[in-house]
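Trainee: Each chain, letter by letter, is given below.
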Amino acid sequence: MSGETLLDDQVQGDRLTLAGGGAWIAVNAHGLEESIEALIKKYPTVKSVAIDMGGVERLDTFGAWLLERLVRAFTANGAKTDISGLKEDYGALVDELRNVKLEGEHHKTGGEVVAHALGSVGENVASVGGSFLAIVNMLGALVVALARVLSNPRNLRLTSVVHQLDNVAWRAVPIVLLITFLIGCIIAQQGLFHFRKFGADVFVVDMVGILVLRELGVLIVCIMVAGRSGSAYTAELGSMKMREEIDALQTMGFDPVEVLILPRIIALIIGVPILTFLGSMSALYGGGLVCWLYGGIDPDIFLSRLKEAIALNTFQVGMIKAPFMALVIGAVACVEGLMVKGSAESLGRQTTASVVESIFLVIVMDGIFAIFFASIGM
Amino acid sequence: MMTPATKTNGQREVIIEARDIVVGFGDRNILDHTDLDVYRGEILGFVGGSGAGKSVLMRTIIGLIHKKAGSIKVFGVDMDKATDAERRAVERRWGVLFQQGALFSSLTVMENLQFPVREYLKLSQRLLDDLAVAKLEMVGLDSSACHKFPSELSGGMIKRVALARALALDPEIVFLDEPTSGLDPIGAGDFDTLIATLQRTLGLTVYMVTHDLDSLHTVCDRIAVLAEGKVIAEGTMETMLKSEHPWLKSYFRGKRSRAGYQPQGKAST
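Going down the list, the protein sequences come from chains A and B. 140 is the number of the first residue of the first sequence in our numbering; add one for each residue after it. 22 is the number of the first residue of the second sequence in our numbering; add one for each residue after it.
Here chain A stands alone, though its shape is the one from the complex (with noise of 0.2 angstroms):
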């Protein structure tokens, strides 16, 4: 679609003639630029430069930008250049080019990238520190913002509870019941199969209920909860903080913790109680259904079984996690989306750090508890 580009030299002692001619376009930019780079090489130590530009019929900013980098090759070497012939329309392009002033020339060293590597190692460090920090704040912060809501109930947001409670629990039942009823299933199915051997099958329903009850209905859910709804916390408040929405509250004399912080945590801390509960019913509901169907212990023996295995501090060392689970959940949420920066890429970065940050704290406070369970015998 465009014609060949051309550049011949002439040299005359230390004159040095050049014709351009064709189309010193962006397609050619590429050839242009290597016939360029070998002419310089070539012509070291002329000391006039003549470069005839009449043969060229189209010139842009590539092209244009070559011939300033070829006039600006031979001045540095100590020649004396003179263009001639350019069309009257490509005249303000060049006068343009030649204005434009390079940074200077910036190569990264060994020991730059080495100090690089440091430092980003260090920043890391720091940064673990600074979000532990920013989580002690948020805690704070909430409450403030509780005891605030507390001496006057007006300031709850009511209606915003209602909706978050409606998004992280009502609508995410469903899912939640369905994985753990397969957690129970797939738990009571291995024991079977393993304790078979020793001829203990009956204590596959201790074991499917001291597990699903103090331990793993509380830590499914708050897994699912964490991918579920952390993260949709921190989009939203991390979007919002984008668009300056944040802002916009706090100069209307609000406060955003209690705006949108303290419902969603609310909602969340009032949720996963009762997530936690239905998916400890329905896990033991899928134990139950494969020590039947599977195993051959019937239902009625499995509820008398699981009757003397299980006591009520059982159910209650699973149900007391779970608030504080919530909590910590909610508030890495939040924390994380309020560090959203302008760019997209800093949303997706924060998303992924709630999820990952509150699953870890989810399973450390887990252990925590365990000890401090074991430790006033419950």
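Rather than coming from a laboratory, the hints here were simulated on the basis of the structure. Predicted model, so just to flag it, every value in this text is computed and none were measured. Note that the Cβ used here is the ideal one computed from N, Cα and C, for glycine as well. Treat the hints loosely; a few may be bogus.
[To be verified] Chain A residues, not near chain B, derived (Cβ > 10 angstroms throughout):
# : residue
1 : Ile164
2 : Ser266
3 : Ser482
4 : Ala483
[To be verified] Straight-line distance between alpha carbons at most 30 angstroms, and here's what the computed DSS-like set of lysine-lysine pairs gives:
#  : chain 1 : residue 1 : chain 2 : residue 2
5  : B       : Lys251    : B       : Lys270
6  : A       : Lys480    : B       : Lys102
7  : B       : Lys102    : B       : Lys263
8  : A       : Lys226    : A       : Lys186
9  : A       : Lys240    : A       : Lys336
10 : B       : Lys94     : A       : Lys240
11 : B       : Lys143    : B       : Lys169
12 : A       : Lys219    : A       : Lys181
13 : B       : Lys143    : A       : Lys180
14 : B       : Lys270    : B       : Lys102
15 : A       : Lys226    : A       : Lys181
16 : A       : Lys226    : B       : Lys143
17 : A       : Lys226    : A       : Lys240
18 : A       : Lys480    : A       : Lys446
19 : A       : Lys186    : A       : Lys219
20 : B       : Lys169    : A       : Lys240
21 : B       : Lys169    : A       : Lys181
22 : B       : Lys102    : B       : Lys89
Start from chain A and add chain B according to the hints.
Mentor: For chain B alone, kept in the frame of chain A given last:
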């Protein structure tokens, strides 16, 4: 290429020809059998009330909105009948400045400018770097902005970088969607001058959707007015000012326009 706006439209090359465009959402037609021509080398100012469909027409021409009826020819290529390759070839010849800049937020300014060039042309990294700096300087920024991310730029800088990116492939036509909105009068004035300068140096055709009466006065060769889904008037600023159409009268001769009106008109020519 710098043909001034004259009435000898017959001899000038039409590079965008929109005919009988109908665009609507649901039952409501925003554009109702709209016609528009854009000539090579002109700066066309496209005005109309808020919600009249100025941006819609621009987005329809560049293929972001589907039309219900009508035909659009760009550089003589009918965009509905064009093959994918033909359409891509046309797309390479235009640049678009979106209202909010639409810079890629995860790329630096430099990478934003190089992105389209890298996709279409096989150039050395050095040439890419040089050209990015050159484009940046052409829009009035310097190379210190190169390694910043869009979120670190001010509104005016975002517009300039976005313009530089729209110009990255040396397009023949640039579409500007409210280029001066959100800029202070000095910044907006600079931007107008910049557009006029670039139009002159690069021989561009400029299609500018705008509300800015000052822009219309200072840089636009021709003005087209959209109302009730049709182009109700087109011509130079003088024609607009003389018109007795009630909408045009209140737009160009209302209270807000007095300050901007200077009889000598265009500063760009």
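Trainee: Evaluate each hint against the coordinates.
Mentor: Status of the hints after comparison with the structure:
Consistency note on isoleucine 164(A): stated as away from chain B, yet its beta-carbon is not over 10 angstroms from all of that chain's, at 7 angstroms minimum. With a minimum CB-CB distance of about 18 angstroms to chain B, serine 266(A) clears the 10 angstroms threshold, and the non-interface call stands. Against chain B, the non-interface label of serine 482(A) is violated: not every CB pair exceeds 10 angstroms, the least being about 3 angstroms. Distance check for alanine 483(A) against chain B: the nearest CB is about 5 angstroms away, which does not clear 10 angstroms, and the non-interface claim fails.
Between the alpha carbons of lysine 251(B) and lysine 270(B) the distance comes to roughly 17 angstroms, so the proposed pair stays at or under 30 angstroms and holds. A hinted pair counts as satisfied when its Cα atoms are at most 30 angstroms apart, and lysine 480(A) with lysine 102(B) does not qualify at roughly 43 angstroms. With a CA separation close to 40 angstroms, the supplied pair lysine 102(B) and lysine 263(B) exceeds the 30 angstroms bound. A distance of roughly 26 angstroms separates the Cα atoms of lysine 226(A) and lysine 186(A); the hinted pair therefore holds under the 30 angstroms criterion.
Among the hinted pairs, lysine 240(A) with lysine 336(A) is inconsistent with the structure: their alpha-carbon atoms are about 81 angstroms apart, more than 30 angstroms. Using a Cα cut-off of 30 angstroms, the hinted pair lysine 94(B) and lysine 240(A) is violated, with the two alpha carbons roughly 40 angstroms apart. Straight-line distance between C-alpha atoms of lysine 143(B) and lysine 169(B) comes to about 25 angstroms, which keeps the hinted pair within the 30 angstroms bound. For the suggested pair lysine 219(A) and lysine 181(A), the alpha carbons sit about 16 angstroms apart, so the restraint of at most 30 angstroms is met.
For the suggested pair lysine 143(B) and lysine 180(A), the alpha carbons sit about 22 angstroms apart, so the restraint of at most 30 angstroms is met. A threshold of 30 angstroms between alpha carbons decides the hint, and for lysine 270(B) with lysine 102(B) the separation of about 40 angstroms lies outside it, so the pair is violated. Between lysine 226(A) and lysine 181(A) the alpha-carbon distance is near 28 angstroms, which keeps this suggested pair within the 30 angstroms criterion. Annotation: proposed proximity of lysine 226(A) to lysine 143(B) holds, straight-line Cα distance about 27 angstroms (limit 30 angstroms).
Distance hint between lysine 226(A) and lysine 240(A) is fulfilled; the C-alpha atoms sit about 24 angstroms from each other, no more than 30 angstroms. Using a Cα cut-off of 30 angstroms, the hinted pair lysine 480(A) and lysine 446(A) is violated, with the two alpha carbons roughly 53 angstroms apart. A C-alpha spacing of about 6 angstroms is found between lysine 186(A) and lysine 219(A), which places the hinted pair at or below 30 angstroms, so the restraint holds. Only pairs whose Cα atoms come within 30 angstroms are accepted, and lysine 169(B) paired with lysine 240(A) is accepted, the gap being roughly 18 angstroms.
A distance of roughly 38 angstroms separates the Cα atoms of lysine 169(B) and lysine 181(A); the hinted pair therefore is violated under the 30 angstroms criterion. At most 30 angstroms may separate the alpha-carbon atoms for a hinted pair to count; lysine 102(B) and lysine 89(B) meet this at roughly 15 angstroms.
Hint check: violations occur at hints 1, 3, 4, 6, 7, 9, 10, 14, 18 and 21; the rest are consistent with the structure.
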